[in-house]
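Chain residues, written in single-letter form:
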Amino acid sequence: MKRSPLFLALAALAVSVIVVAPLPFVVGNGTMRYMTDLFIMIAVAQLWNLLAGFGGVVSIGQHAFIGAGAYSFFGFTTLLGLHPFTAMALTVPFGALLSLPVFTILSRMRVAYFAIGSWVLAEVFLLTAGKLPGFGGGSGLSLRPQIVKAFGARTGARIENIYWLSFAILVLIVLMIILVMHSRKGYALRAMRDNENAAMALGVNPNAIKMMLFVVSGGLLSLLGALNTLQKLRVNPAGSFSLIDWTVFIIFIVVIGGMGRIIGPIIGAVLFVLLRENLANYGPVYMIVLGAAAIAMMLYEPGGLAALPARWRKRRSA
Amino acid sequence: MQPLLELREVSKSFGGIEVFTDISLELAAGTRLGVLGPNGAGKSTMFNLISGLHRPSGGKMIYQGQDLTTMKPWTVCRAGIGRTFQIPQPFVDMTVLDNIIVGCTAGAGLNLHEARDRATEILDLTGLGDHAGKLARDLGLLDLKRLELAKAAAMKPKLLLLDEIAGGLTEAECGTLLDILNHVTGRDTAVIWIEHVVHALTQFVDEIAVLADKRIITRGEIDTVLANDEVRQLYFGAEEEV
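These protein sequence lines map, in sequence, to chains A and B.
Residues in the first sequence are numbered consecutively from 1, following UniProt numbering.
Residues in the second sequence are numbered consecutively from 1, following UniProt numbering.
Be aware that one or more of the hints could be misleading.
Covered stretches of chain B, going by a simulated chain A footprint (3 or more residues, C-beta under 8 Å) [unchecked claim]:
no.	segment
1	62 to 75
2	78 to 86
3	91 to 98
Capping the alpha-carbon separation at 20 Å, the derived lysine to aspartate or glutamate pairs in EDC-like fashion look like this [to be verified]:
no.	chain 1	residue 1	chain 2	residue 2
4	A	Lys232	A	Asp245
5	B	Lys158	B	Glu6
6	A	Lys185	B	Glu230
7	A	Lys314	B	Glu114
8	B	Lys60	B	Glu9
9	B	Lys72	A	Glu196
10	A	Lys314	A	Glu301
11	A	Lys314	B	Asp93
12	B	Lys214	B	Asp22
13	B	Lys214	B	Asp188
14	A	Lys149	A	Glu160
15	B	Lys158	B	Asp138
16	A	Lys185	B	Glu18
17	B	Lys134	A	Asp194
18	A	Lys185	B	Glu114
The calculated label-pair distances, taken between Cβ atoms and stated as ranges, are [as the list claims (entries may be wrong)]:
no.	chain 1	residue 1	chain 2	residue 2	range
19	B	Gln203	A	Arg316	31 to 39 Å
20	A	Asn161	B	Gln64	53 to 61 Å
21	B	Glu207	A	Ala11	50 to 58 Å
22	B	Ile17	A	Leu279	21 to 29 Å
23	B	Ile17	A	Tyr113	40 to 48 Å
24	A	Pro309	B	Gln64	49 to 57 Å
The hints are simulated quantities; they were obtained by calculation from the structure and are not laboratory data.
All residues carry an ideal CB built from backbone N, CA and C; glycine is no exception.
Turn these sequences into a full structure, and let the hints guide you.
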């Protein structure tokens, strides 16, 4: 019997949960930390892909929301004294609210201007973060130990908990994207990406869809920024709002893996991390390899690695 | 009775270039109107104005008593005005079935289950049934025209705007298209059809209007309009093939 694409996607997600969730019982702390980084990276890439790959909204300033999440988490816990769990949950509405004025400004700009505008706004965020009182200026501040300990008193338990927390958030994000793409909104979204004028003539309101995507991804990126702060244990403008880590690498990951597909960012992120670790001894060589791979991918198969099997199948049958 | 659509002294210019100065038009519900006119007369521009993709420079457009002049394209569509584009505008990376579902959900407000049923029904009516799972980018011209029509018709519009839907088709294909058109549009659907293929047009419409010289120069019964001297001279020029 032929199963629906929705069923297959949910089944694949369920299988990956069954395989990945129990790993802490098998692997060591180092691997767990390493995988937590990978989960956060995949989640950020999924959200960038949701905007650009599915929605056609190309922003190169999404690191603004990672940083805003880190800083708001720090502010809520350290400055306002909120419980770390409450603070982490609050980063979502915080990022979503922040993305509203950002989108209002950016939505007046077209494609390339939108992209550059988003980058400029992210720089403004970074500079503002360095001037905020109580956040340690340009060099930043460390999280207080009791905040970190809320996620586990002992180091081992903490690493495990943050692993599960990050994985759970990643799974929820992927689940959300799968459900959205198979909903009425998903049809409107794909139509809008393929041909905006024709979509409008069929009743699709592109502005509303783009705003929804932007706000959802702003809120969730902030949450991921807070999670990343737990990994790094500190906030500082250059690190928390890193263009390289949270936009440049993420774009590479999505482009190499496959834009407009949920599997794309997963493949891309795994490849990225493998390359980085294996080429770590050769300095920045991995960045050169990565850049070359991305360019080769764009030229040979714009659909990314995820599109290769279909391409080869087509060639064999042709 | 109030007309379904009314254009009052609508004008449009792009920069300093005037496309038309005064288009006034009334269309009763269920009327099928053909529009002829030389290339560049602004026929497609008229559709872009009605469907909200462009704003008129002057005048007023009323649809079922609502002011259409400043409405956004998606609101126009949801109010019951469907359109096709002169050059088919498929969603290339979606399947043929999914292309049609877009109109049924976003345009007609159906839920996914209803939309799938409606889309399947329209696929059969338009002869695209065998291509349901194909990507739109893999379709040939006749099928693209079918899809273009299917997308607009699936929303069951009260007013359907057809932009040269028979252009580029062979005579046999035109016949197929006319059959499809008759299947997908009930007698209560008003249609404005811009077309150069006069023999296809005359088999479908009740009336013809001619757009030339930046205005509608005449409108009426098919035979009367086609016999009009001004029309013969303007539109058919040297080649008389009617």
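> Tell me, which hint numbers fail for this structure?
Replying inline: 6, 7, 13, 15, 16, 19, 22 and 23
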